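Protein chains: 2
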Amino acid sequence: MRKVFQEELAHVGEDLIEISKLVSEAIGKATTSFESADVDLAQDVIAADARIDFLQNSLDERAIDILALQGPVASDLRMIVGSLRMSASLERMGDLARHIAQLARLRFPSTVIPEALTGTFKSFAEQDIEIANKLTQLLETRDLEVARDILKANSTVNDLHLSVFKAIARPDWQESPATTVDVALASRYFERFADHGVSVAQKVTYLVTGAWHPNSIEHG
Amino acid sequence: MRKVFQEELAHVGEDLIEISKLVSEAIGKATTSFESADVDLAQDVIAADARIDFLQNSLDERAIDILALQGPVASDLRMIVGSLRMSASLERMGDLARHIAQLARLRFPSTVIPEALTGTFKSFAEQDIEIANKLTQLLETRDLEVARDILKANSTVNDLHLSVFKAIARPDWQESPATTVDVALASRYFERFADHGVSVAQKVTYLVTGAWHPNSIEHG
Chain A
1 MRKVFQEELA HVGEDLIEIS KLVSEAIGKA TTSFESADVD LAQDVIAADA RIDFLQNSLD
61 ERAIDILALQ GPVASDLRMI VGSLRMSASL ERMGDLARHI AQLARLRFPS TVIPEALTGT
121 FKSFAEQDIE IANKLTQLLE TRDLEVARDI LKANSTVNDL HLSVFKAIAR PDWQESPATT
181 VDVALASRYF ERFADHGVSV AQKVTYLVTG AWHPNSIEHG
Chain B
1001 MRKVFQEELA HVGEDLIEIS KLVSEAIGKA TTSFESADVD LAQDVIAADA RIDFLQNSLD
1061 ERAIDILALQ GPVASDLRMI VGSLRMSASL ERMGDLARHI AQLARLRFPS TVIPEALTGT
1121 FKSFAEQDIE IANKLTQLLE TRDLEVARDI LKANSTVNDL HLSVFKAIAR PDWQESPATT
1181 VDVALASRYF ERFADHGVSV AQKVTYLVTG AWHPNSIEHG
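Going line by line, the protein sequences match chains A and B.
Residues 1 to 220 (the working numbering) make up the first sequence, in order.
Residues 1001 to 1220 (the working numbering) make up the second sequence, in order.
Just to be clear, a hint being listed does not mean it is correct.
[Stated by the list, open to error] Straight-line Cα separation of at most 20 Å, SDA-like style, residue types lysine to any residue; simulated pairs:
hint: 1; chain 1: A; residue 1: LYS166; chain 2: B; residue 2: GLU1061
hint: 2; chain 1: A; residue 1: LYS203; chain 2: B; residue 2: GLU1061
hint: 3; chain 1: A; residue 1: LYS166; chain 2: B; residue 2: LYS1122
hint: 4; chain 1: B; residue 1: LYS1166; chain 2: A; residue 2: ALA178
hint: 5; chain 1: B; residue 1: LYS1021; chain 2: B; residue 2: ASN1057
hint: 6; chain 1: B; residue 1: LYS1166; chain 2: A; residue 2: THR179
hint: 7; chain 1: A; residue 1: LYS203; chain 2: B; residue 2: ILE1064
hint: 8; chain 1: A; residue 1: LYS166; chain 2: B; residue 2: SER1176
hint: 9; chain 1: A; residue 1: LYS166; chain 2: B; residue 2: HIS1099
hint: 10; chain 1: A; residue 1: LYS166; chain 2: B; residue 2: LEU1106
hint: 11; chain 1: B; residue 1: LYS1021; chain 2: B; residue 2: ASP1065
hint: 12; chain 1: A; residue 1: LYS203; chain 2: B; residue 2: ARG1105
hint: 13; chain 1: B; residue 1: LYS1203; chain 2: A; residue 2: ARG85
hint: 14; chain 1: A; residue 1: LYS166; chain 2: B; residue 2: ALA1178
hint: 15; chain 1: A; residue 1: LYS166; chain 2: B; residue 2: ARG1105
hint: 16; chain 1: A; residue 1: LYS203; chain 2: B; residue 2: ARG1092
hint: 17; chain 1: A; residue 1: LYS203; chain 2: A; residue 2: LYS122
hint: 18; chain 1: B; residue 1: LYS1166; chain 2: A; residue 2: LYS203
hint: 19; chain 1: A; residue 1: LYS203; chain 2: B; residue 2: ARG1085
hint: 20; chain 1: A; residue 1: LYS166; chain 2: B; residue 2: GLN1102
hint: 21; chain 1: B; residue 1: LYS1203; chain 2: A; residue 2: ARG92
hint: 22; chain 1: A; residue 1: LYS122; chain 2: A; residue 2: ARG85
hint: 23; chain 1: B; residue 1: LYS1166; chain 2: A; residue 2: LEU106
hint: 24; chain 1: B; residue 1: LYS1203; chain 2: A; residue 2: ARG62
hint: 25; chain 1: B; residue 1: LYS1122; chain 2: B; residue 2: GLU1025
hint: 26; chain 1: B; residue 1: LYS1166; chain 2: A; residue 2: ARG107
hint: 27; chain 1: B; residue 1: LYS1203; chain 2: A; residue 2: ASP53
hint: 28; chain 1: A; residue 1: LYS203; chain 2: B; residue 2: PHE1054
hint: 29; chain 1: A; residue 1: LYS203; chain 2: B; residue 2: GLU1025
hint: 30; chain 1: B; residue 1: LYS1203; chain 2: A; residue 2: ALA125
hint: 31; chain 1: A; residue 1: LYS166; chain 2: B; residue 2: GLU1175
hint: 32; chain 1: B; residue 1: LYS1166; chain 2: A; residue 2: ARG92
hint: 33; chain 1: A; residue 1: LYS203; chain 2: B; residue 2: ARG1062
hint: 34; chain 1: B; residue 1: LYS1203; chain 2: B; residue 2: SER1075
hint: 35; chain 1: B; residue 1: LYS1021; chain 2: B; residue 2: ASN1133
hint: 36; chain 1: B; residue 1: LYS1166; chain 2: A; residue 2: LEU185
[Claimed, not checked] Computed footprint of chain B on chain A, listed as stretches where at least three residues anywhere in the stretch have a Cβ under 8 Å from a Cβ of chain B:
hint: 37; stretch: 9 to 20
hint: 38; stretch: 61 to 70
hint: 39; stretch: 138 to 151
hint: 40; stretch: 181 to 195
What the hints contain is simulated information worked out from the structure, not anything from laboratory work.
All values reported here derive from a predicted model rather than from experimental measurement.
Every residue gets a Cβ at the ideal spot worked out from N, C-alpha and C, and that includes glycine.
With the sequences and hints as input, model every part of the structure.
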């Protein structure tokens, strides 16, 4: 029984890593489609999001079965409850990658972002991809140094997000209202993606160290 | 032991209702501050959000203790896992009410929304308040008729959200870029608030009927 239980727990961990890899792939493709107005690639991301949702549901089912059948306690219980929360954050990251791809599709054959901000959004993309890749690495290794890299990337993302809103508020901003809204929403999607990445990183940190600062992200 | 267990379960249910009432109060005050540029009221909402976060954390701690100490199965287990998810959605609704109040504070002494859209945002406020109030009622009574009212209000909110983006895209839209962004973000906050309300309503429906359509909101 004990061996089955450990296998089941390991399986949940592997599911999380698999979802995290799909999220990495989604944000990579979404940002490319977004930067280059590649509508086929955008379509791929939108279609692939269903797979992330499916995997989240099967992970959650598996976690609930473990709760029901094995009655885990202490660190095993924390790991299961933590997995339910991490899967919800990863699923939401997949949604946000899909939202970015949907913006690319909506504005095709134009690009979403005006010339003057392409550098900013290229940096957004790099940081969000970094966060997604590091998240997989963190789930695989539980190396807390990696969690710190994620926090650092998130801080860069917050700066970028602020700079976008400052650019929009400047007197020389000349873009159409529709473009203005696209830029603001895209900026928020990139920023929320990073927030959820930090949220997962904090949960892994909690599972490793037992130290927990609940909700410290959502209220930043 | 069994009696203690049932009391603990009931306590989780009461915590959910209490959080839901605070969310109702938050969205009511937030929308008033937003409509009337009442910065003191906005400040109240922002400060009161910490209480919602605190209650969510204590509910979650309680739920995890029940999982650890009582090893619930079947419908009790579903109720506990469902409560963890509902508390996360309610906490997020509190955040969104706070975001609306923060917009009001940011633009004080002006109002956030231009004249032409005050009617639309008044309707947004009414629907979100309706959803929050009905959510408390649903958690108290588990009357699925109330869940249907929430779905209906959400559908109105989605229509309002679309109408805002159409208004911004019209050639006669004359507002500043900063106002345009405020309007778009505020519209998204109202819409996400309603989404999370539906998400809670669906979880209650699942707990009552056992029929579950996972994630049907997030991907609409």
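Hint-by-hint comparison with the structure:
no., hint, result
1, A:LYS166 to B:GLU1061, "violated (40 Å)"
2, A:LYS203 to B:GLU1061, "holds (15 Å)"
3, A:LYS166 to B:LYS1122, "violated (28 Å)"
4, B:LYS1166 to A:ALA178, "holds (9 Å)"
5, B:LYS1021 to B:ASN1057, "holds (16 Å)"
6, B:LYS1166 to A:THR179, "holds (13 Å)"
7, A:LYS203 to B:ILE1064, "holds (15 Å)"
8, A:LYS166 to B:SER1176, "holds (13 Å)"
9, A:LYS166 to B:HIS1099, "holds (18 Å)"
10, A:LYS166 to B:LEU1106, "holds (14 Å)"
11, B:LYS1021 to B:ASP1065, "violated (24 Å)"
12, A:LYS203 to B:ARG1105, "violated (32 Å)"
13, B:LYS1203 to A:ARG85, "holds (16 Å)"
14, A:LYS166 to B:ALA1178, "holds (9 Å)"
15, A:LYS166 to B:ARG1105, "holds (18 Å)"
16, A:LYS203 to B:ARG1092, "holds (18 Å)"
17, A:LYS203 to A:LYS122, "violated (28 Å)"
18, B:LYS1166 to A:LYS203, "violated (40 Å)"
19, A:LYS203 to B:ARG1085, "holds (16 Å)"
20, A:LYS166 to B:GLN1102, "holds (17 Å)"
21, B:LYS1203 to A:ARG92, "holds (18 Å)"
22, A:LYS122 to A:ARG85, "violated (30 Å)"
23, B:LYS1166 to A:LEU106, "holds (14 Å)"
24, B:LYS1203 to A:ARG62, "holds (18 Å)"
25, B:LYS1122 to B:GLU1025, "holds (16 Å)"
26, B:LYS1166 to A:ARG107, "holds (15 Å)"
27, B:LYS1203 to A:ASP53, "holds (17 Å)"
28, A:LYS203 to B:PHE1054, "holds (18 Å)"
29, A:LYS203 to B:GLU1025, "violated (30 Å)"
30, B:LYS1203 to A:ALA125, "violated (34 Å)"
31, A:LYS166 to B:GLU1175, "holds (17 Å)"
32, B:LYS1166 to A:ARG92, "violated (26 Å)"
33, A:LYS203 to B:ARG1062, "holds (18 Å)"
34, B:LYS1203 to B:SER1075, "holds (13 Å)"
35, B:LYS1021 to B:ASN1133, "holds (7 Å)"
36, B:LYS1166 to A:LEU185, "holds (15 Å)"
37, 9 to 20, "violated (count 0)"
38, 61 to 70, "holds (count 3)"
39, 138 to 151, "violated (count 0)"
40, 181 to 195, "holds (count 4)"
Hints 1, 3, 11, 12, 17, 18, 22, 29, 30, 32, 37, 39 from the list above are not met by this structure, while the remaining hints are.
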